Amino acid sequence: MRYVVGYSANARGRDAVNLAVSLARGRGAALDLVVAIPEAAPFNAAHAPAAGYDNYLHQQAQEWLDEGLRLIPADVPASAHIRSGESDAQTLIDACDEFGADMLVIGATSNGLFKRFTVGSVAGALLHAATVPVALAPHGYHRREALTRVSCGLGDRPGAEELLDYAVSMATNRHVPLRVVSLLTLDEGDSAEAAETARAYAARHLAAALPAAGAAHPSDVVVAQGRSVEEAVDRLDWEDGEILLIGSSRLARHRSIFLGSTANRILRALPVPMIVVPSDYELKSPSHSTSNDPSREAQA
Amino acid sequence: MSIKHATSGAAGTVQQHGLSEKGLKAGSVGLIGAVVIGVSCIAPAYTLTAALGPTVSEVGVHLPAIFLVGFIPMLLVALGYRELNNAMPDAGTSFTWASRAFGPWIGWMGGWGLIAATIIVLSNLAAVAVDFFYLMLAQIFNNPELGDLTKVLPLNIATTLVFIALACWISYRGMETTKTVQYVLVGFQLLVLGWFAIAAFSHVANGTAFDATAISPDWFNPFAVESFSAFAAGVSLSIFIYWGWDVTLTMNEETRNPEKTPGRAATVTVLVIVIIYMTVALATLAFAGVGEEGLGAGNPENQGSIFAVLAGPVMGPFAILMSLAILSSSAASLQSTFVSPARTLLSMGHYRALPAKFGTISPSYKSPSFATIASAAAAAGFYVITRTLSENALWDTITALGMMICFYYGITALACVWFFRAQAFRGAHSFFFKFLAPLLGGVILLVMFVKTAYDSMDPEYGSGSSIGGLGLVFILGMGVILLGVVLMLVMAKLRPEFFRGQVLSRGRQLEN
Numbered sequence: 001m002r003y004v005v006g007y008s009a010n011a012r013g014r015d016a017v018n019l020a021v022s023l024a025r026g027r028g029a030a031l032d033l034v035v036a037i038p039e040a041a042p043f044n045a046a047h048a049p050a051a052g053y054d055n056y057l058h059q060q061a062q063e064w065l066d067e068g069l070r071l072i073p074a075d076v077p078a079s080a081h082i083r084s085g086e087s088d089a090q091t092l093i094d095a096c097d098e099f100g101a102d103m104l105v106i107g108a109t110s111n112g113l114f115k116r117f118t119v120g121s122v123a124g125a126l127l128h129a130a131t132v133p134v135a136l137a138p139h140g141y142h143r144r145e146a147l148t149r150v151s152c153g154l155g156d157r158p159g160a161e162e163l164l165d166y167a168v169s170m171a172t173n174r175h176v177p178l179r180v181v182s183l184l185t186l187d188e189g190d191s192a193e194a195a196e197t198a199r200a201y202a203a204r205h206l207a208a209a210l211p212a213a214g215a216a217h218p219s220d221v222v223v224a225q226g227r228s229v230e231e232a233v234d235r236l237d238w239e240d241g242e243i244l245l246i247g248s249s250r251l252a253r254h255r256s257i258f259l260g261s262t263a264n265r266i267l268r269a270l271p272v273p274m275i276v277v278p279s280d281y282e283l284k285s286p287s288h289s290t291s292n293d294p295s296r297e298a299q300a
Numbered sequence: 301m302s303i304k305h306a307t308s309g310a311a312g313t314v315q316q317h318g319l320s321e322k323g324l325k326a327g328s329v330g331l332i333g334a335v336v337i338g339v340s341c342i343a344p345a346y347t348l349t350a351a352l353g354p355t356v357s358e359v360g361v362h363l364p365a366i367f368l369v370g371f372i373p374m375l376l377v378a379l380g381y382r383e384l385n386n387a388m389p390d391a392g393t394s395f396t397w398a399s400r401a402f403g404p405w406i407g408w409m410g411g412w413g414l415i416a417a418t419i420i421v422l423s424n425l426a427a428v429a430v431d432f433f434y435l436m437l438a439q440i441f442n443n444p445e446l447g448d449l450t451k452v453l454p455l456n457i458a459t460t461l462v463f464i465a466l467a468c469w470i471s472y473r474g475m476e477t478t479k480t481v482q483y484v485l486v487g488f489q490l491l492v493l494g495w496f497a498i499a500a501f502s503h504v505a506n507g508t509a510f511d512a513t514a515i516s517p518d519w520f521n522p523f524a525v526e527s528f529s530a531f532a533a534g535v536s537l538s539i540f541i542y543w544g545w546d547v548t549l550t551m552n553e554e555t556r557n558p559e560k561t562p563g564r565a566a567t568v569t570v571l572v573i574v575i576i577y578m579t580v581a582l583a584t585l586a587f588a589g590v591g592e593e594g595l596g597a598g599n600p601e602n603q604g605s606i607f608a609v610l611a612g613p614v615m616g617p618f619a620i621l622m623s624l625a626i627l628s629s630s631a632a633s634l635q636s637t638f639v640s641p642a643r644t645l646l647s648m649g650h651y652r653a654l655p656a657k658f659g660t661i662s663p664s665y666k667s668p669s670f671a672t673i674a675s676a677a678a679a680a681g682f683y684v685i686t687r688t689l690s691e692n693a694l695w696d697t698i699t700a701l702g703m704m705i706c707f708y709y710g711i712t713a714l715a716c717v718w719f720f721r722a723q724a725f726r727g728a729h730s731f732f733f734k735f736l737a738p739l740l741g742g743v744i745l746l747v748m749f750v751k752t753a754y755d756s757m758d759p760e761y762g763s764g765s766s767i768g769g770l771g772l773v774f775i776l777g778m779g780v781i782l783l784g785v786v787l788m789l790v791m792a793k794l795r796p797e798f799f800r801g802q803v804l805s806r807g808r809q810l811e812n
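Chains as they are written, first to last, in the working numbering: chain A, 1 to 300; chain B, 301 to 812.
Since the hints were derived computationally from the structure, they do not count as laboratory data. Heads up, a few of these hints could be off.
[Stated by the list, open to error] Residues on chain A that point at chain B, a partial pick, calculated with CB under 7 Å: (1) Ser8; (2) Ala9; (3) Asn10; (4) Ala11; (5) Ile37; (6) Pro38; (7) Gln60; (8) Phe99.
Fair warning: this is a prediction, and the values are worked out from it, not measured in the lab. Glycine is no exception: its CB is placed at the ideal position from the N, C-alpha and C atoms.
All chains, full assembly: derive it from the sequences and hints.
Spelled out as structure tokens, the structure:
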């Protein structure tokens, strides 16, 4: 079980490391710290020959990684790597492939002055193209203990079942309660009735997703309402050690919208980290089979 | 890439980290790509508009001869550059090489010369871009008054500072021009310059030229230049027009065929450049003459940016293409040129020749952060000072720039001779490339430097601006070098380890 951490030597990188430590502790995962450096681009050459800059960059990246490794407690195995590529996002995606990573952990941004999450350009690019779940650490995330609860945002988009399966496995593997969250905005008709419908819908899906034998696993369904998605998110209570799973709308008609507009708005209001699961992720590793590859997060 | 045979402590400082396995890079370039990079580094549309006028004012109709002769020292020095780059690839280039050959003091000044030259060219690039920006606005809206806005001092300075800040921001963010953009920019420049030449010649043929001047073989005779002063000034200016060409020679790893591509690319690039320079120089002289009135290429009013004046009369309504070509080439150069002083400053910070701050790399963008901003601040400061003091800032900065390039190229070439002195007489190849060529080139450039510096003391030199009876070009050039000496002494007090040779010690190449 390996998680790739997109590390940079700033607050954003430290947020990512903290979240990665927290995630790894609940699952005994190993971390791969990756610093992405740009590839030398001959068409960007200036007056003087550019040879040798790579040396400085590697030396500096190595120092950054040494600092990064010092942030990781001894009980979490970790190694450090320097990788280069055309863009930081592509480099991290390639690193996930290379290490067979089960998750990519990044800091969402360090500039979120008013909003807790303002997705930076690298994070934005990753959310459009990553093939593994991407965990986003909010600005200033400093918790490093294992998770205490897994929340799962449920929508009616295709892929909801797969996401719920993933969430169930994650919660059971980590022995933490699962909470299924349905977010409603008030303009969706009569609030009481809508809430009841949503609750029933979520409960039905949850019942289908829970493994028959593990019915005793603590789980809960909540419906949050607000005038906006942001308000609904704000009204929910969040534990410090909680994480929210949401699905991407990658298979929606406009492939470019990996993170749907609702998810994007959730992201802005959310006080806890979030994991965005690609919608075709489960298709690659069916969750119901008792696979002999125990490394996947989603597998029991 | 490795430091071969480093004879002393430097090997420990510039150690290799075999962390990333380098395969064949995806972006490796072939011959055409390398030529495009070479031409784009030279930025012919920009260099011609900036250097043609000042050179004519020195050597008159012998411009083609000087342009041809000016290539020789550039070639000689670049050959030495290549040898050093192969032996000691380092982002500090002149600084590192001169330190290894001559020790910390001369090394520091070599680095300073490179930084000063690139900072001066940054301010000139931004100023030329601003001129053509307003000219283009005038052409778009058919309103000549907009073009005159560039002569409003506060507005001009403000716009130039904005351009410098933008280019600095782009460079800091590590944004890169793509291959396609480079191809388009280079193709467009060559096309427009060719168009200009053809249009000028057809005016001459139709008798509509401003001052039709018959081309004579004498124009190609460098010995016909009236004085050695004029010759030296002309050559130091033409060093500037080939500046950047050495990039093609030093490209190794980036090319698909490191054995052959760099040499061929260098040859093709210089052919392309010489042809376009000759054509445009002849066309300009034939169309406008060297007179000091009106459109004449010798008119002091036209020195700063010759095409700003000539493009309209020569190309008619299509003059806007020239504005576009120069604006795009100087803007692209402005951004890419930032890399050069920033990396040298970074290297100097790294080797403790400057405060450690200069050695910082941005964790987010992986670019030299402090060094890039410092370069922008210096370029902005230099421009504000020159613009305020000078009657024709563009002209004077280009002349000072020529001097500064001669200074640091000269030091670098001699560093090559000294570093490889043990091998100088081991075979014809070593003798020529590591000894004779750089020695000749270095001596020529340093002679040009001393001569130009001496001549520029004359208050009439360049645009004729002067302070206290000394020419402004001299004050700018010498002032920058003296400032370097002062800063070096301050640094030697603050961080003496570099100056004691404890960081980057002297060495020489013993074997090969």
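Quick check on the hint: A/Ile37 CB to chain B CB, less than 7 Å?
Interface hint status for A/Ile37: holds (5 Å vs cutoff 7 Å).
Does A/Ala9 meet its interface restraint, that is, does its C-beta lie within less than 7 Å of any C-beta in chain B?
holds, 4 Å
Cut-off 7 Å, beta-carbon criterion: hint that A/Gln60 touches chain B:
holds, 5 Å
With a cut-off of 7 Å on the beta carbons, see whether A/Phe99 makes it to chain B.
violated, 15 Å
Taking 7 Å as the limit, does the beta-carbon of A/Pro38 come near enough to a beta-carbon in chain B?
holds, 6 Å
A/Asn10 was flagged as interface toward chain B. Is the shortest Cβ-Cβ separation under 7 Å?
holds, 5 Å
Was the hint right that A/Ser8 lines chain B, CB cutoff 7 Å?
This interface hint holds because 5 Å falls under the 7 Å limit.
Against chain B, is A/Ala11 within 7 Å by beta-carbon distance?
violated, 10 Å
When the structure is compared with the earlier hints, violations turn up for hints 4, 8 and for no others.
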